[in-house]
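**Student:** Next come the chains, spelled out residue by residue.
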Amino acid sequence: MNLRAVKAIYMYEMSRFFRTLAQSFISPVISTSLYFVVFGTAIGSRIDQVEGVSYGAFIVPGLIMLSVITQALSNASFGIYFPKFIGTVFELLSAPVNFLEIVAGYVGAAATKALFIGVVILGTASLFVDIHIQHPLAMVAFLLLTCISFALFGFIIGIWAKNFEQLQLIPLLVVTPLVFLGGSFYSISMLPPIWQKITLFNPVVYLISGFRWSFFGTADVPIGLSLLAIAGFMGLCIAAVWWIFRTGWRLRS
Amino acid sequence: MAAVVEIRDLRKTYEGGFQALKGVDLTIEEGEILALLGPNGAGKTTLISTICGLVTPTSGSVTVGGADIVTGYRKARELIGLVPQEISLEPFEKVKDTVRLSQGLWGMKRDDAAIEDVLRKLSLWDKRDARTRELSGGMKRRVMIAKALIHKPRVLFLDEPTAGVDVELRRGMWEVVEELRRDGVTIILTTHYIEEAEAIADRIGVIDAGQLQLVEETGALMARMGQKELRIELHMPLAAIPDALSDYDLELADDGEVLIYRYDTRAERTGITALLNGLQSEGIVLRDLQTRQSSLEEIFVGLVADAQKEDAA
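Protein chains in written order, with the working numbering: chain Z, 1 to 253; chain A, 1 to 313.
It is worth saying that the hints were derived from the structure and are not from the lab. A portion of the hints provided could be inaccurate.
[Claimed, not checked] No more than 30 angstroms apart at the CA atoms, straight line, and that leaves these computed lysine-lysine pairs for DSSO-like:
(1) A/K152 / Z/K7
(2) Z/K84 / A/K75
(3) A/K96 / Z/K84
(4) A/K96 / A/K75
(5) A/K127 / A/K94
(6) Z/K162 / A/K140
(7) A/K140 / A/K96
[As the list claims (entries may be wrong)] Between beta-carbon pairs, the in silico distance windows are:
(8) A/G41 / Z/I86: 19 to 25 angstroms
(9) Z/F245 / A/E178: 36 to 42 angstroms
(10) A/R131 / Z/V29: 47 to 53 angstroms
(11) Z/G232 / A/R74: 49 to 55 angstroms
(12) A/G41 / Z/G224: 56 to 62 angstroms
(13) A/E178 / Z/V174: 53 to 59 angstroms
(14) Z/F82 / A/G41: 50 to 56 angstroms
(15) Z/I86 / A/V301: 33 to 39 angstroms
(16) A/D126 / Z/I30: 38 to 44 angstroms
The structure displayed is predicted, hence computed values, not measured ones. Think of the CB as a built atom: it goes at the ideal place given N, C-alpha and C, for glycine as much as any other residue.
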């Protein structure tokens, strides 16, 4: 295992993040505050409580998931797409590294950035509402698993994308709607019965439900199912990445 | 000298069906400078890219320092440095950071002294904190070389190192190559510039249409393949070449004041004596004689044309 290569890729990727640290810090703070102003105050004043939790607190896990998923995707997809775009990917392909090392470096860095944003949002949210985390270990585990699996998914998108439009396509057209419709800002029990069934086909429902359970102890779907869903998604992504490097798909001619 | 790179029957067919390499066999000796010459699309870059891991070979084998590039890719690639044809650097990255990335990728411990050393060698130390987009083209090229050299490769591939580089920088590049050779690095470079191959290479390989047409020592190639030209300056200009001399490959130049005779130095008889006798019996008076060895460029053009003729036949 060429651990030095993993470290080199990781540090190189993180240096881009450190260069724009203030930006990386301020933008989630502002967007979280906006969500609280709009959703928490405007809507929250009409919805008193959801499943025994104040609406403002109820949306915190969904808010964190929304940003973490988006950030993990965009950081990881851009991280590998950019070297492909400007040609520096040749160095990765000619270096004595295997796919695990490349993935560990890129995905590790993207997941770290997403995790950082998640923590910043949690901190910002705690300024607006009282947050009590019932299962802190499960919360950390869910957060980490989400960061890593969506960074893996972003990595795949970055390799698949042939241009900047394609890079945005799946995050914008598939992932963002799924996250918004995945119960980020509402409980599934608030939906009409037919939609309660349909929404179960949305994988993000399981993530947000499990994450929310770690905060408040209430969930839309059983917690075991949530864990299975995130583990299964991660497994699929790992298999896809393994296949990409075995065949050199869109990397080697 | 021991072989450091061994290529056996290497073939590459791209997805579209284009055969870029049609069975290349080549042994590269440790410490030599080998120049690969060939027109665009001849397969030079595919050959280099395959050895370095950017292109998957269709069949055949390559070993570098005894390690197979597929099954022993880690060991093989540790020995290789690659400077591709295109300059590609992350524009906002600092020179020393991008070199440090290469150092890590090749599994070297972080070593700032080594980075300083290579940057000084390539006259880039002053620019260590500059972002790569602020550098001139020649400097960017040197950063690419610094990245390729930081892990002290035994074999260095330079794909068109002087393409689009001005004369002064080109000579600078040759000096860098010469210095690397003194350190014992084996260098394989591709080039369009025949004078470049002639000036720095120990051996020259001519590649065309995916096949290695020949590999020979630079001097021997020049001598063996050399066409010579005899320029005969005449006392009185000629209107046409006399019929009696029509058997010779002659050309009139400079308004009939110069006769040019082309001959092959390899031929048993060059035909010069007979030609001079013929001129005398025609009553043509000579003023001066000159001979000139043809350049590698002319040799090369001749070779490629021959190969194409064979293909067409």
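**Student:** Against this structure, judge whether each hint is valid.
**Tutor:** Checked hints:
The hinted pair formed by A/K152 and Z/K7 meets the criterion: a straight-line CA distance of about 20 angstroms does not exceed 30 angstroms. Restraint check: the Cα-Cα separation between Z/K84 and A/K75 comes to about 25 angstroms, which is no more than 30 angstroms; the hinted pair holds. With a CA separation close to 21 angstroms, the supplied pair A/K96 and Z/K84 stays within the 30 angstroms bound. For the proposed pair A/K96 and A/K75, the alpha carbon gap of about 26 angstroms is at most 30 angstroms, so the pair holds.
Among the hinted pairs, A/K127 with A/K94 is consistent with the structure: their alpha-carbon atoms are about 9 angstroms apart, no more than 30 angstroms. Distance restraint check for Z/K162 and A/K140: the Cα-Cα separation of roughly 26 angstroms lies within the 30 angstroms cut-off, and the hinted pair is therefore satisfied. The hinted pair formed by A/K140 and A/K96 meets the criterion: a straight-line CA distance of about 12 angstroms does not exceed 30 angstroms. Between A/G41 and Z/I86 the Cβ separation comes to about 24 angstroms, which falls inside the hinted range of 19 to 25 angstroms.
About 39 angstroms separates the C-beta atoms of Z/F245 and A/E178, a value consistent with the hinted range of 36 to 42 angstroms. For A/R131 and Z/V29, the hinted distance range of 47 to 53 angstroms is not satisfied, since their beta carbons lie about 28 angstroms from each other. Range check, Z/G232 to A/R74: about 32 angstroms between beta-carbon atoms, so the 49 to 55 angstroms window is missed. In this structure the supplied range 56 to 62 angstroms holds for A/G41 paired with Z/G224, their Cβ-Cβ distance being about 59 angstroms.
Remark: the range hint 53 to 59 angstroms for A/E178 to Z/V174 is upheld by a beta-carbon distance near 56 angstroms. Z/F82 and A/G41 have their C-beta atoms about 29 angstroms apart, which leaves the hinted 50 to 56 angstroms range violated. Judged by the Cβ atoms, the range 33 to 39 angstroms given for Z/I86 and A/V301 holds: they are separated by roughly 36 angstroms. Restraint check, A/D126 to Z/I30: a C-beta distance of roughly 41 angstroms satisfies the suggested window 38 to 44 angstroms.
Checked against the numbered hints given earlier, the structure breaks hints 10, 11 and 14 and satisfies all the rest.
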